[in-house]
Structure formats: C-alpha cells, structure tokens
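Asker: Given chain A's structure and the hints, the job is docking chain B onto it.
2 protein chains.
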Amino acid sequence: MSQFPKQQKIAAIIGTGVIGAGWAARYLANGYIVKAWDPGENAAEKLQQSIENAWPSLQKIGLKQDADLANLHFCQTLAEACADAQIIQESAPEVLEIKSKLLQEIALSAPVDAIIGSSTSGFKPSLLQKSVNNPERVIVTHPFNPVYLLPLVEVVGGELTTAATIEQAKALYTALGMHPLHVRKEIDGHLSDRLLEALWRENLHLVNDGIATTGELDEAIIYGPGLRWALMGTNLTYHLAGGDAGMRHMLEQFGPALKLPWTKLEAPELSTRLIDSMVAGTQQQAGERSVKELEQLRDNCLISIMEALAQYEVGAGKVLSDYRKAI
Amino acid sequence: MSQFPKQQKIAAIIGTGVIGAGWAARYLANGYIVKAWDPGENAAEKLQQSIENAWPSLQKIGLKQDADLANLHFCQTLAEACADAQIIQESAPEVLEIKSKLLQEIALSAPVDAIIGSSTSGFKPSLLQKSVNNPERVIVTHPFNPVYLLPLVEVVGGELTTAATIEQAKALYTALGMHPLHVRKEIDGHLSDRLLEALWRENLHLVNDGIATTGELDEAIIYGPGLRWALMGTNLTYHLAGGDAGMRHMLEQFGPALKLPWTKLEAPELSTRLIDSMVAGTQQQAGERSVKELEQLRDNCLISIMEALAQYEVGAGKVLSDYRKAI
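Those protein sequences? They're chains A and B, same order as listed. All the letters of the first sequence, read from the start, carry residue numbers 46 to 372 under this note's numbering. All the letters of the second sequence, read from the start, carry residue numbers 46 to 372 under this note's numbering.
So that you can see chain A by itself, here it is in the shape it has in the complex (with noise of 0.2 Å):
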C-alpha cells in the first residue's frame, strides 16, 4: 500500500545533481510527491539546498495548486524511491555502464507501466533499454539546464520502445510545462547536443589556436545570434536572410561560403536533394507567413527581449539601455 494518497502523482528522481535536482524541483511545482535517491555524500541536504534554490523562480513562474517543497521525500534505496512512481527520471553520470545497471535495477522496482525516463544527453536509448525488464517503457528524456525553467525536453525511443510510451511521455512533459521534442531516428547527442557540442568544439579550437578569449567569444554570441536563437533557430534566421526568395536564395548565394575554410568542421556537398530538403523544412516552418511578416515579428521580439535583459543590466539589454540614456 502506498504512503501517498491515490490521485496524487509520484515522480522518482534517480541521481541528484544538477539535472536531477532541476526534475526534481519542476515536478513538485507541478504538485508531484518526488522520491528522491541518490548514493552521494549530503546528497540530501544538497538536493534540498538546489530545490530552495530554484522555487523562487518556480513561483514566479507559477505553481500547481498542490505545489508543496513538502512532498519532497529522500529515500534510502533506489526501489524505495521507485516503488510506486508514474515516471522515474534516470539522471546518473554520462557513463554508460552506471545507466545501464541503474536502468535495470530501475526496472525490477518499478511498476510495469510507469516512463522511465533516462536524462542521457548522447547515449541512445536502444543502448541502454538492453537487459532491462520491460524495456518498452524506457525512453530517452533529455532536458536542458536549467530544468526548472526550459521548457525543451529531448523525447527518444529505442528499437523497443512503444508508440504508447512515447505518446503518454510527451503528453505528460506538456502537462510540465514543457516542450516535448520527438525525436525521431536515434543518434549519438540527439539533436541539440549535436548543435551545441559543434559550437562547443569550436569554442575550444578557437581558444586553443590562440585566436579569442572565452569571454571574446562569448560576446560574440550574446550580443548578436545569440538574441535571434531565443526565437528563431539557424534555419528559420537564414530563410530570412535570403530576402523575399527565402532559404533558396540564402543556399544560391552563400552556399559557395561552406566551401570557405571557416570552421574545423567540413560542410556536407550541396546537393539538389539536400538543396530541397532545407527549403522544403524551412517553408514549412515560415507556413503562411511571408518573410516581411516574419521580420516583424522577430523585429518585435527581439526589442522585447533586450528590454527584457536591460531590467538586469545584461548584454545587449545593458547596451540598449545605455543607448537611451544617451539619447
């Protein structure tokens, strides 16, 4: 018999740091009990410090109505913390060999039909439902720091996995507050870390070449691209910039530029299919909105968040906020 009254939900949060700690807060805003369990030192005390941390802005946000710090419960054991979960979030070290024994315990504890739900930023998830008891519950579910606030989570099944679990998994993350992201093939990184890791890895040749500091580089993101990514993806902000042709246009006149030795990373050929495949995508995106329309409303967008970040004199909002006073 559960300790819990029937209709309230149990999360299990498996491993507590960052990541985990970020589920755990997310779920007790959105008035899940959480049963906690992670084998670190303090790691209570240490979960408790992070979810205190965070609910300043979980209020800000807004909390369910049967949001309480109180339903946060430390267990002693994995199967504990388990036992009667609807969802477990596996958030242990990117090490393959502690997710996949964690993973199968997980499963011997759990009830058969709860998510279980790995944090895995590369690992894919065929890999590590193996050897797991009724591994069509278990998905990839990857978020992004800070997991109390963004809304993205990564949505992956393996070669096992059900169209159900995935279904229900993306129907409960929305219910988070979240945007649920299917991921459709499996792949190493899923589809943000790749992106981020290529921008990452070129953070490191550049300062390792001896070319940008890391606050150089740095700028050169926050006050630039990086107010357009808050909005518009890569794709979108280039069909943009192709003018009223949009993205065709864009890949006519810039496509010879991938030729260009501008990254470490070398460009895939610019083939007709590939060609049609990224107008194809980026029509799709833009729908009945033409480009001018699109540029208003990123142009209105971009002014808000710049407001936004000039209330804590940061990046471009500092600079804007200068610029008026000047005026």
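If you are wondering where the hints come from, they were derived from the structure by calculation, not from laboratory data. Please read these numbers as outputs of a predicted model, since none were measured by experiment. Don't take every hint at face value.
Since the list gives no way to pick out one identical chain from another, each pair is judged satisfied if it fits inside one copy or across any two copies.
Stated by the list, open to error - Cross-link-like lysine-lysine pairs, in silico, DSSO-like; alpha carbons within 27 Å at most:
no., residue 1, residue 2
1, Lys146, Lys304
2, Lys363, Lys105
3, Lys370, Lys230
4, Lys337, Lys105
5, Lys175, Lys146
6, Lys54, Lys146
7, Lys363, Lys91
8, Lys169, Lys146
9, Lys363, Lys109
10, Lys370, Lys54
11, Lys169, Lys215
12, Lys146, Lys230
13, Lys370, Lys215
14, Lys91, Lys337
15, Lys169, Lys370
16, Lys363, Lys54
17, Lys105, Lys54
18, Lys230, Lys337
Answerer: Only chain B this time, still in chain A's reference frame:
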C-alpha cells in the same frame, strides 16, 4: 563645398542589400545624413522600402534628436556617396574581387581621414586593404541581421590598419548603440561566423543524413539552449553547468565526451594548456560573482525572456502562457 550643414555627420552606404539597408536605417536613426549607392535594379526604391519597414522598430528603440528619414540620399555614383563621409560602410556581395575593387574606388573618393569599414562576414582585412590608398583606415566592421537592432559589430584590423582607426571605430559604434567587439587576430569568418558556421554545417549534415527536418532542429534550439544564448555564451553556460567548481569541473566531467562521435567536427585535445585557458577565461567572465549568483541572474533573465516572447506567442513564450492558463 558640402551641401549639408557642417555639424551633421555623414555615413556612406555602398551596397544596399539586407545588410547595407540595415546600416542605413541605424545611421538615420542616429541622426546621420546617409548617402547610399548601389548599382542594382530599383535599388533606391528597395532601400526606401527596407528603411520604412525598419523605422517603427527604431522608434521603439529610441531615435536621436536629428533622426529624419529625409536625411536619406540615394547617389548616382559611388564617388558622390563617399565624398563627404566620416564613415563608409561597404556591404557588397561576399566575393573578394568585387569587394576589393569597390574598396579601391571608395579609398579614392573618401576623405583621407574617414573610416572605411567592410561588412564582410568572412574575409580578413589584410586581404581587403591590399592595393587600397591609405589602407590604415580600412577595417572589417561585421554586423548582424537585423543590423538596425542587433548591437554586435565585429571590428577587425588588418596588418596595415592603425590602432587609432580601431579606437575611432569602437567609439563611433558605441555611440550608435552597438557593441563593438575587437577581434584581435585575423581569421577567416572572424569569431561569430566561425561559431555560427559550425552550427549551420551540423544542421546541414543532420538534414542531409535524414535525421531531422529544419523545423525539428530549430525547435532543438529555441525551446532550450537558444534562450540561454541571449544572455550567456557557451563558455559561461558551461561554467555554470560545472556546479560550484565551474569550468574546471565541467571539463573533467564532460571532457571525455569530446571523444564521442557527437558531431561531424573533431574536437581538439583537452591539454592542460587548453583547460587552463578555458578556466582562466570563464573565471574572468564570472568576475566576483559566484556560480550561485550567476544562476540567480540567469534564472531572472530567462523568465523575463520567456515572458517577453509570451507577448507574441512565440516559442518558449507560448509554452509559458499555455502552462499559466492551465494552472
């Protein structure tokens, strides 16, 4: 004799595509007289249209006292546009021969003490200032679309550029409400486009390999990491991901992942020298602020950015407003 009152500043805009028109709008908003030239069909009408589209945004940002759309003059020749200017912005297509030829012509017409800035996204200034009269005044001044809103401008000097030109340019752009980033070493793509290109090329690979659509890849940014990039670059973000021990811990923990096949881009060796550079750089960025304090600042900014986007029902802002409605 100039036809304009001596006290009013004059900017020459050579090439009036998306970038040149953006420059023109920013200079007009700052009370400059703008003298533009472009050999393209209907260039004058297109420029007028682009500036009128940008103007409402610039009004929101704030116009300088002398700002007036009537200060825009489309010239019949490059020489006429450059004759009285204090700053010449060359924004021709990204073809070395075209840019070199134009810069030579500009240098023959412009005042000898005017700054000549090229908007090139990739070419090194030393390459561009060759065979130009008084090359000490030629620099790269690389802006970001939309130029009238985004504050970043990369300022890069060539072998023949004087330090005085760099300082003069930095002061000029700061007065325009921009953030001039002095790129200290010449490199193809400068800093920002090396980072952007790494991301762009990985996007192209993922579409080319049939892994994801452009829309899914953009979602992988705007709902997560893209929100952070408006306020913190990759390096400071990873400093925070390392917990209290910051970048050094991050490199120890995630360094081995650099060997994983997460991107098409090979990573550099994490040598002691590279680790020390990464740690020293991010320490300097953090300054006196602890990781906890930076986290608090980050969270406040992220909430404000999501609220800013919520006004326009865009990306993470839409997710936030849907969530709040459901509470």
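Asker: Against each hint, give a clear statement of whether it holds in the structure.
Answerer: Here is what the structure says about each hint:
In this homomeric assembly, Lys146 and Lys304 come within 27 Å of each other (Cα to Cα) only across copies, at 23 Å, whereas the closest approach inside a single copy is 45 Å. For the identical chains of this complex, Lys363 and Lys105 are neighbours both inside a copy (23 Å) and across copies (16 Å), given an alpha-carbon limit of 27 Å. In the homo-oligomer, the alpha carbons of Lys370 and Lys230 never lie at most 27 Å apart, since the shortest distance is 51 Å inside one protomer and 33 Å across protomers. In this assembly of identical chains, Lys337 and Lys105 lie within 27 Å of each other by CA distance solely across copies; the values are 18 Å between and 34 Å within a copy.
Proximity of Lys175 to Lys146 under the C-alpha cut-off of 27 Å is restricted to the intra-copy arrangement: shortest distance 10 Å within a copy versus 63 Å between copies. In the homo-oligomer, the alpha carbons of Lys54 and Lys146 lie at most 27 Å apart inside one protomer (26 Å), although the nearest pairing across protomers, at 69 Å, exceeds that limit. Within a single copy, Lys363 and Lys91 get their C-alpha atoms no closer than 34 Å, and across copies no closer than 33 Å, so neither meets the 27 Å cut-off. For the identical chains of this complex, Lys169 and Lys146 are intra-copy neighbours only, at 15 Å inside a copy versus 52 Å across copies, given an alpha-carbon limit of 27 Å.
Taking the shortest Cα distances, Lys363 and Lys109 sit within 27 Å of each other only across copies (18 Å), while inside one copy they are farther apart (34 Å). Proximity of Lys370 and Lys54 under a CA criterion of 27 Å is satisfied inter-copy only: 20 Å between copies versus 51 Å inside one chain copy. Proximity of Lys169 and Lys215 under a CA criterion of 27 Å is satisfied intra-copy only: 18 Å inside one chain copy versus 48 Å between copies. Taking identical chains as interchangeable, the C-alpha atoms of Lys146 and Lys230 lie at most 27 Å apart only when both belong to the same chain, with a minimum of 24 Å there against 48 Å between chains.
Proximity of Lys370 to Lys215 under the C-alpha cut-off of 27 Å is restricted to the inter-copy arrangement: shortest distance 19 Å between copies versus 46 Å within a copy. In the homo-oligomer, the alpha carbons of Lys91 and Lys337 lie at most 27 Å apart only across protomers (13 Å), although the nearest pairing inside one protomer, at 50 Å, exceeds that limit. Taking CA atoms no more than 27 Å apart as the test, Lys169 paired with Lys370 passes in neither setting, with 52 Å inside one copy and 35 Å between copies. For a Cα distance limit of 27 Å, the shortest separation of Lys363 from Lys54 across copies, 25 Å, qualifies, whereas the shortest one inside one copy, 43 Å, does not.
Taking CA atoms no more than 27 Å apart as the test, Lys105 paired with Lys54 passes inside one copy only; the shortest distance there is 23 Å, against 46 Å between copies. Proximity of Lys230 and Lys337 under a CA criterion of 27 Å is satisfied in neither setting, with 34 Å inside one chain copy and 37 Å between copies.
Violated hints for the displayed structure, listed by number in ascending order: 3, 7, 15 and 18.
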